[in-house]
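Peer 1: In case you want the letters, here they are:
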Amino acid sequence: MLRPFEIHEPTSIAEASRLLADHGEDAAVYAGGTELILVMKEGLAHFRHLVDIKTIPGLETIAYDGAVLRLGALATHRAIERSAVVGRHAPLLASVASQVANPRVRNVGTLGGNLCFAEPHSDLGTLCVAWDAVIVLARDGEERSVPADRFFTGVLETVREPDEVLVRVELRPFGPGTGGAYQRFAMHERPTAGVAAVVATRGGVIQHGRIAIGSVGPMPVRASEAEAMLAGAPLRDEALREAAKAVGRHAEVMDDLYGSAAYKRHVLTVLAARALREAVACAREEDA
Amino acid sequence: MSGVVGTAMRRVDAAEKATGAARFTGDLALPGLLCGKVLRSPFPHARLVRVDTSAAERMPGVRAVLTGGDLADLDPYYGHAIKDRPIVALERVRFIGEPVAAVAADDEAAAEEALRAITVEYEELPAVTVLGEALAAGAPRVHEGPLRPGLFHGLGDLRREEGNICYHYHFARGDLESAFAASDVVVEGEYTFPAVYQYAMEPHTVIAQWGESEITVWASCQHPYLVRAELADLFRVPLSAVRVIVPYVGGGFGSKSYTKMEPLTVALARKARRPVRIANSIEEAMVTTRRHNMRCWMRTGATRDGAVVARQCRIWLDTGAYADNGPRVAATAGDAAPGAYRWRAVGVDAWAVYTHTPPAGSYRAFGAAHMAWIGESQIDALARRVGLDPLEFRRRNLLRPGEEVRPGGKPLDADLVGDVTKVAAAVGWGTPKPPFVGRGVGVGLLAAGAQPVSTAVLRLQADGTVVLLVSTTELGQGARTAFTQIVADELGVPPSRVRVAGADTQVTPFDRSTGASRSTTLAGTAVQRASADLRGQLLEIAKRVWGLPLSALTVRDGAVWHETDALPFPELLARHFGMVGGELIGRGEVRPERGSGSYAEGPVFWEVCVGGAEVHVSPETGQIRVRRLASVADVGKAINPQLVEAQDEGASLQGLGNTLFEEMIFENGQLMNGSLLDYHVPTTADLPDAFHTIIVENGDGPGPYGAKGVGEGALAAVPAAIVNALADLGLEIRDLPVTPERVLRCLGVLGAPAGTGGAAP
Ligand SMILES: Cc1cc2nc3c(=O)[nH]c(=O)nc-3n(C[C@H](O)[C@H](O)[C@H](O)COP(=O)(O)OP(=O)(O)OC[C@H]3O[C@@H](n4cnc5c(N)ncnc54)[C@H](O)[C@@H]3O)c2cc1C
Numbered sequence: 001m002l003r004p005f006e007i008h009e010p011t012s013i014a015e016a017s018r019l020l021a022d023h024g025e026d027a028a029v030y031a032g033g034t035e036l037i038l039v040m041k042e043g044l045a046h047f048r049h050l051v052d053i054k055t056i057p058g059l060e061t062i063a064y065d066g067a068v069l070r071l072g073a074l075a076t077h078r079a080i081e082r083s084a085v086v087g088r089h090a091p092l093l094a095s096v097a098s099q100v101a102n103p104r105v106r107n108v109g110t111l112g113g114n115l116c117f118a119e120p121h122s123d124l125g126t127l128c129v130a131w132d133a134v135i136v137l138a139r140d141g142e143e144r145s146v147p148a149d150r151f152f153t154g155v156l157e158t159v160r161e162p163d164e165v166l167v168r169v170e171l172r173p174f175g176p177g178t179g180g181a182y183q184r185f186a187m188h189e190r191p192t193a194g195v196a197a198v199v200a201t202r203g204g205v206i207q208h209g210r211i212a213i214g215s216v217g218p219m220p221v222r223a224s225e226a227e228a229m230l231a232g233a234p235l236r237d238e239a240l241r242e243a244a245k246a247v248g249r250h251a252e253v254m255d256d257l258y259g260s261a262a263y264k265r266h267v268l269t270v271l272a273a274r275a276l277r278e279a280v281a282c283a284r285e286e287d288a
Numbered sequence: 001m002s003g004v005v006g007t008a009m010r011r012v013d014a015a016e017k018a019t020g021a022a023r024f025t026g027d028l029a030l031p032g033l034l035c036g037k038v039l040r041s042p043f044p045h046a047r048l049v050r051v052d053t054s055a056a057e058r059m060p061g062v063r064a065v066l067t068g069g070d071l072a073d074l075d076p077y078y079g080h081a082i083k084d085r086p087i088v089a090l091e092r093v094r095f096i097g098e099p100v101a102a103v104a105a106d107d108e109a110a111a112e113e114a115l116r117a118i119t120v121e122y123e124e125l126p127a128v129t130v131l132g133e134a135l136a137a138g139a140p141r142v143h144e145g146p147l148r149p150g151l152f153h154g155l156g157d158l159r160r161e162e163g164n165i166c167y168h169y170h171f172a173r174g175d176l177e178s179a180f181a182a183s184d185v186v187v188e189g190e191y192t193f194p195a196v197y198q199y200a201m202e203p204h205t206v207i208a209q210w211g212e213s214e215i216t217v218w219a220s221c222q223h224p225y226l227v228r229a230e231l232a233d234l235f236r237v238p239l240s241a242v243r244v245i246v247p248y249v250g251g252g253f254g255s256k257s258y259t260k261m262e263p264l265t266v267a268l269a270r271k272a273r274r275p276v277r278i279a280n281s282i283e284e285a286m287v288t289t290r291r292h293n294m295r296c297w298m299r300t301g302a303t304r305d306g307a308v309v310a311r312q313c314r315i316w317l318d319t320g321a322y323a324d325n326g327p328r329v330a331a332t333a334g335d336a337a338p339g340a341y342r343w344r345a346v347g348v349d350a351w352a353v354y355t356h357t358p359p360a361g362s363y364r365a366f367g368a369a370h371m372a373w374i375g376e377s378q379i380d381a382l383a384r385r386v387g388l389d390p391l392e393f394r395r396r397n398l399l400r401p402g403e404e405v406r407p408g409g410k411p412l413d414a415d416l417v418g419d420v421t422k423v424a425a426a427v428g429w430g431t432p433k434p435p436f437v438g439r440g441v442g443v444g445l446l447a448a449g450a451q452p453v454s455t456a457v458l459r460l461q462a463d464g465t466v467v468l469l470v471s472t473t474e475l476g477q478g479a480r481t482a483f484t485q486i487v488a489d490e491l492g493v494p495p496s497r498v499r500v501a502g503a504d505t506q507v508t509p510f511d512r513s514t515g516a517s518r519s520t521t522l523a524g525t526a527v528q529r530a531s532a533d534l535r536g537q538l539l540e541i542a543k544r545v546w547g548l549p550l551s552a553l554t555v556r557d558g559a560v561w562h563e564t565d566a567l568p569f570p571e572l573l574a575r576h577f578g579m580v581g582g583e584l585i586g587r588g589e590v591r592p593e594r595g596s597g598s599y600a601e602g603p604v605f606w607e608v609c610v611g612g613a614e615v616h617v618s619p620e621t622g623q624i625r626v627r628r629l630a631s632v633a634d635v636g637k638a639i640n641p642q643l644v645e646a647q648d649e650g651a652s653l654q655g656l657g658n659t660l661f662e663e664m665i666f667e668n669g670q671l672m673n674g675s676l677l678d679y680h681v682p683t684t685a686d687l688p689d690a691f692h693t694i695i696v697e698n699g700d701g702p703g704p705y706g707a708k709g710v711g712e713g714a715l716a717a718v719p720a721a722i723v724n725a726l727a728d729l730g731l732e733i734r735d736l737p738v739t740p741e742r743v744l745r746c747l748g749v750l751g752a753p754a755g756t757g758g759a760a761p
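Protein chains in written order, with this note's numbering: chain A, 1 to 288; chain B, 1 to 761.
Excised from the complex, chain A in its bound form (with noise of 0.2 Å):
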């Protein structure tokens, strides 16, 4: 049962930090509630001030500039999905977005809830650092920038502050050449594994592949030794297939109620192999 509350309802940034901060650990922003309501429901988590971010206006924002992808932390899984920008400038988002949890949560759940919270069975975060994704923390008149891959630090830890909200998540859709996909396998509410994928290629060659795992250790993480096997290869199937296997072999992989830390090693080069693939074949269609 859900112990009493006061909810706050700020209407600027500054002032919701504030709030934050003179509330301390009694404090949490709230915003969906799809996860925080949950752990205070079943009294993991107690807290006295609920920060409600949705009075503040524009958080929600989802806009194109020409160069950069801003996600305002309020944007929902649904309105991730149905968005026009992100469908012309970021399609795998918006089918990763669908992929996500169930339709109630989709609905009232937000990206940055989904980053904030930092529950290590996420699609997005993965994601994220795979796509090299900013995230914009802000308080009392001032913004920092976070790359997504120094955002996580553990299992529901993150380097944001007590003070600090999310504000928008920047991403630079894909450019010439290159492609990106996300290969995800869930038996549960949430996913089990999940291998995201970026691939810079040019005339057979790849630049560059950026793998990020996650589901399967505390957070997402990168997969560099797969990463530099990517370098410089040529873009054939053995490459991608030698590369997923390292995805593989070399994951950090924790057993749990999901699976065996083995299973998951499996599941991981499996996902890979599929993500590079698709990845290369989006490329390729890039490049066309």
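No lab work stands behind these hints, which were simulated from the structure alone.
Worth double-checking, as some hints may not be accurate.
[What the hints assert, rightly or not] Result set (BS3-like, lysine-lysine): computed pairs, CA atoms no more than 30 Å apart in a straight line: (1) B:Lys410 x B:Lys422; (2) B:Lys17 x A:Lys41; (3) A:Lys41 x B:Lys271.
Once you've looked at the hints, dock chain B with the ligand against the given chain A.
Peer 2: Same frame as chain A, now just chain B with the ligand:
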């Protein structure tokens, strides 16, 4: 007959449920109703050193705090099979989640705060949380002392067994050793089945009121009369001083069979002297009852030319800390183990075993769901060994109607060969298969009906409306609709003229239980008989009025007719009573027709569990996709074909969950996936690509119009069919659920199966 029997008439509760007007126990309001909350044990086994409730009692809004100390004037043990369970923990706790204290307060927040203010000092004791530990020599005992039989054990002689054995069921026929010696091929294996949660949308909810002369209970229970008897016994009052009322129930599937949260709620209301409601959360429901996890060893023999010879089986069912329905589950699993084959010799032992885990009880198709897939996978293995098509092998060996199933029990009453042939065709048997696609069928029998005792009363009102009083509970299965159809046809009135009252032990007459696929068959017969009784009375009145012989009269359209003259029911009533306002009462009963009606002489009928599956396996991820699923609803007569289909589809989907992914995972007695976030209940997203329910109406059931029960069989058939479809692809499945990881292990992709196929203890 007005002709609604056999049609897909719309559910009588459809509008009420769709609009939210239907009332469930959680919707009821009573003056002064308090909110009850339960403090539960964090240890699997511990001595209660001290329970200090003084701080909680002083908190604002708190009206009563109940502990074991409040029960000193009672013999506080209950259990319909074995009286082994205290209303609230007394000297020790036996599982994580066992109630240790309960609070009644003005609102939920106050009750929760009070729970936090109770301090309990535990002294941890060694626990046995898995079957192997419980069965080990010298294992700590979950229960000491003799077993006391419950009010409805129906188990014959109850003996105290060794160690942690709660109950042992055994039967044998023929000489096993010589029969196996005479078998040319023998398959043998060890198997496991997981603990499973029966997820009902509405968790257990009870309101209790302790009055001067009556204990009144509103409960989401399946068997109000059995709950009444247990409450009367516990609280030392006459049966008639306990009134159990059952509003609509939001799904049961066995989880609300027998007595669950009712004694604790009554004890709390007794202390508070105010009405109290305890409503379990899903997390609490999960530790209130579950399906038995199981280990099993089985061997089966056949001749080279494809005749089955012998089967032997040992079954260990983990019943948790209290027996609940474990003994019956063990007996039913034992009955299901041989399957529907003609054996020269068969021997079955089934044990219900106590462990320090949450109690396990009934869940749709219990026993048969545990066993059918095991027996049927051995049948397939034998068929392959002797070079026969599994369908052909079954045609040769399946029992025919009239043949003995179990010594001393009811002979087979269904055409299984016809049934399995139909499902095989529905999944494309014999047609070419794409790569990684396998097909399988499964056949089983489930002892259904429980004890054949049901009664019904029909009241014909002055305006010609009929009110049916019957204590079958409406769980979503559609009992009220089926009964309405029977009454409408028997009395020749439109269904809109029939009302079915909710179960209320002070008003609606005795029905043994709502479960075991029995309601349409047994309570339905009582309803049909009550209708016939009422019709007879109406004819008698018309005969007197008109001075005509009965043979000249017919009943239809709410009237008695002679040629073109009609006497509508209201007029008949007015003539009979000499005033407007009297009513006629029809009564119907069902009781054992031969013998005592005991389980040993039963079952009332054999419920058919026949299914077919076509699956695709991804060799890369191990993921199984069910392409086609077919089940037979061998109902004798489908009173409402749409409800029959809905029953079968629900059972199939649960069967799919039980086979592919459902599992309650315990570590040292702690449930690790104790919420719906972590425990995957099947949803529409898990539906197979195609789903066939084949309704078979051979008129061979003991119920109205030759009907017999359905709704459970598919849950036993689907695991068997899927496991055999996997066997068709060369996967030898020994452990459910068949997760993708297990598939890959079976394929040898991840190395040998580790920690599976649990060695028999
Ligand atoms: C049943 C279920 C299934 C799911 N399945 C998936 C899945 O398949 N894949 C996947 O990727 N995810 C999955 N999720 C996670 C889902 O994406 C998140 O629940 C959702 O996006 C969280 O957003 P929210 O707005 O509801 O966050 P909230 O619950 O409001 O907040 C979550 C946390 O983040 C903090 N927070 C929220 N917004 C901000 C902000 N702007 N700045 C600072 N802190 C903030 C809150 O204080 C809280 O600690 C699932 C969740 C559930 C409940």
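Peer 1: Look at each hint and say if it fits the structure.
Peer 2: Taking the hints in turn, this is what the structure says about them:
| no. | hint | verdict |
| --- | --- | --- |
| 1 | B:Lys410 x B:Lys422 | 25 Å, holds |
| 2 | B:Lys17 x A:Lys41 | 27 Å, holds |
| 3 | A:Lys41 x B:Lys271 | 29 Å, holds |
In this structure, none of the earlier numbered hints is contradicted; all agree with it.
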